[in-house]
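So the protein lines, in turn, are chains A and B.
Counting in our numbering, the first sequence runs from 1 upward without gaps.
Counting in our numbering, the second sequence runs from 1 upward without gaps.
None of these hints come from the bench; they were simulated from the model.
Certain hints may be false.
Identical copies look the same in the list; a pair holds intra-copy or inter-copy alike.
[Said to hold, decoys possible] No more than 27 Å apart at the CA atoms, straight line, and that leaves these computed lysine-lysine pairs for DSSO-like:
1. Lys18 to Lys245
2. Lys65 to Lys5
3. Lys90 to Lys166
4. Lys226 to Lys5
5. Lys226 to Lys18
6. Lys226 to Lys166
Number of protein chains: 2
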Amino acid sequence: MTALKEVSSNRSFGGYQKVFSHDSKELGCQMNFAIYLPPQAEDGEVPVIYWLSGLTCTEQNFTTKSGVQRYASEHGIIIVVPDTSPRGCKIPGDDDSSDFGIGAGFYVDATQEPWNKNYRMFSYVTKELPEIINSNFAALEECQSIMGHSMGGHGALICALKNPGKYRSVSAFSAICNPIISKWGQKAFSGYLGSAESANWADWDATELVKGYSGPPLEILLDQGKADHNLTTELFPDNFISACKESQVPVILHMRDGYDHSYYYIASFIEEHIKHHATYLKA
Amino acid sequence: MTALKEVSSNRSFGGYQKVFSHDSKELGCQMNFAIYLPPQAEDGEVPVIYWLSGLTCTEQNFTTKSGVQRYASEHGIIIVVPDTSPRGCKIPGDDDSSDFGIGAGFYVDATQEPWNKNYRMFSYVTKELPEIINSNFAALEECQSIMGHSMGGHGALICALKNPGKYRSVSAFSAICNPIISKWGQKAFSGYLGSAESANWADWDATELVKGYSGPPLEILLDQGKADHNLTTELFPDNFISACKESQVPVILHMRDGYDHSYYYIASFIEEHIKHHATYLKA
């Protein structure tokens, strides 16, 4: 079993907000993750929601700013928040920009040198981390959902679409829904996966993936602020909605008047998302 | 009227979380404050709660981590969060330590050189800032309460006790209740006010002040985590409670099992405090 080291532990809404570090095999480095353990986890196994964060974030942003603990405590759900990239690998160029390398793993498994040894965030968040959670905490193994924000919204969508049946439900705030036509996505995919000509970018793009989705019913909830400066240049929720309709995958899109890309926006609506997931996690 | 410059504005729980900067006359420098404007403030004047933060904080800590916006929105209350000291004054020694100078104004009006020109946080938070809020926002002038955390809990208590009738209610998390016997308090009071022999420290100590309180009824709510590492060395809530009983001032003390000094603790109980204040602000 992977050895976990407790970095911090704070009582929160009757449960515990903790951070652990561990040596990741997939990523070849030491990683932190945050975990909220609701009071119900002291008496038995409970469902789990994975939260994937956006560019530049660590496990701290969602944990300190979203207010999720209140709702996780009410519904009796564990919340797991991984970091957004490998750390400390010292790959040349990994800290040159805020949208590639450190803090910007994009939840893919890189195929290109020098990134392919460490930048395997897809396998980390869908396989290694759930195994760690399931074997160390009071988590119901077959009962998990996934959500995220911006780059992490993209991550949540592709993790669910590429693993039919693995997650009961998926939701996203301000997701990069069609990365192969966004600047952030194109930069990340070129670097981690190779050029659009040589690599199958569509295999990591939610809008493309949903067109071929044939797994069990998956409840998708999208949330988007209308005052988000990235809306028309990076996110493209309309493309995803159209693709869902084409392929008859049920999806809900909430457009929020006046809300932006920040954690103030996320905090305002996180309760709705936790309720959405609770419906499917407790069905 | 003081010119306010909007630093940021984010939609939050149907209202707006904003930060403004302005030139403070009391402090002789440019200051930031955060203000949450609930949706009800668009239709008329609403009550105001001032939050005073602890050592090392700016206007950001409570604003990003407490989750207060949800409850301020529900109850229709403006929340104002000042910084914790003057900034940018470049007084020799003002950044030597985390418990004196920058980030550690202690909500007193300094009498000692070189601090007495700028370190006038008591006058700033009780006079200058309320005037700015009342003249620039939809604030009910005679309808305000005050609360805070740690150094800011001390601040909230002395602001209320030294200004009978000014605040409808006061509450504090992890307050430094008896600073003249705490290390933090003794260091701050020595520096800002002069030695215990030469200055009247009791005039800035909540436990001493409450013994002589003779103003209108003041509802005091104290909150304290039992796992707070500072509890027995810096905070001394029991001394304050005893003094309240002696002088027949009503006080409620909630001791919380397992909770520490952090914003995870504050977030867990901020709803109760906002409800407490709402009772008196809307009476």
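Problem - Homo-oligomer pair classification [Lys166, Lys226; C-alpha up to 27 Å] - result: neither (31 Å within a copy, 41 Å between copies)
Problem - Intra/inter-copy verdict for Lys226 and Lys5 if alpha-carbon distance must be at most 27 Å - result: between (41 Å within a copy, 25 Å between copies)
Practice task
First find the shortest C-alpha distance between Lys18 and Lys245 inside one copy, then the shortest across copies, and answer within, between, both or neither for a cut-off of 27 Å.
Solution key: Cα proximity of Lys18 and Lys245: none, with 40 Å in one copy and 39 Å across.
Exercise for the section: With 27 Å as the alpha-carbon cut-off, assign the pair Lys90 and Lys166 to within, between, both or neither. Expected result: neither (33 Å within a copy, 57 Å between copies)
Exercise for the section: Indicate which option fits the pair Lys65, Lys5 if close means a Cα-Cα distance not exceeding 27 Å: within, between, both or neither. Expected result: Result: close both inside a copy and across copies, 23 Å intra and 25 Å inter.
Handout entry: Up to 27 Å CA-CA - Lys18 versus Lys226, copy category
Key = Answer is between; shortest inter-copy Cα gap is 18 Å, intra-copy 34 Å.
The structure does not agree with the numbered hints 1, 3, 6 stated previously, though it agrees with the rest.
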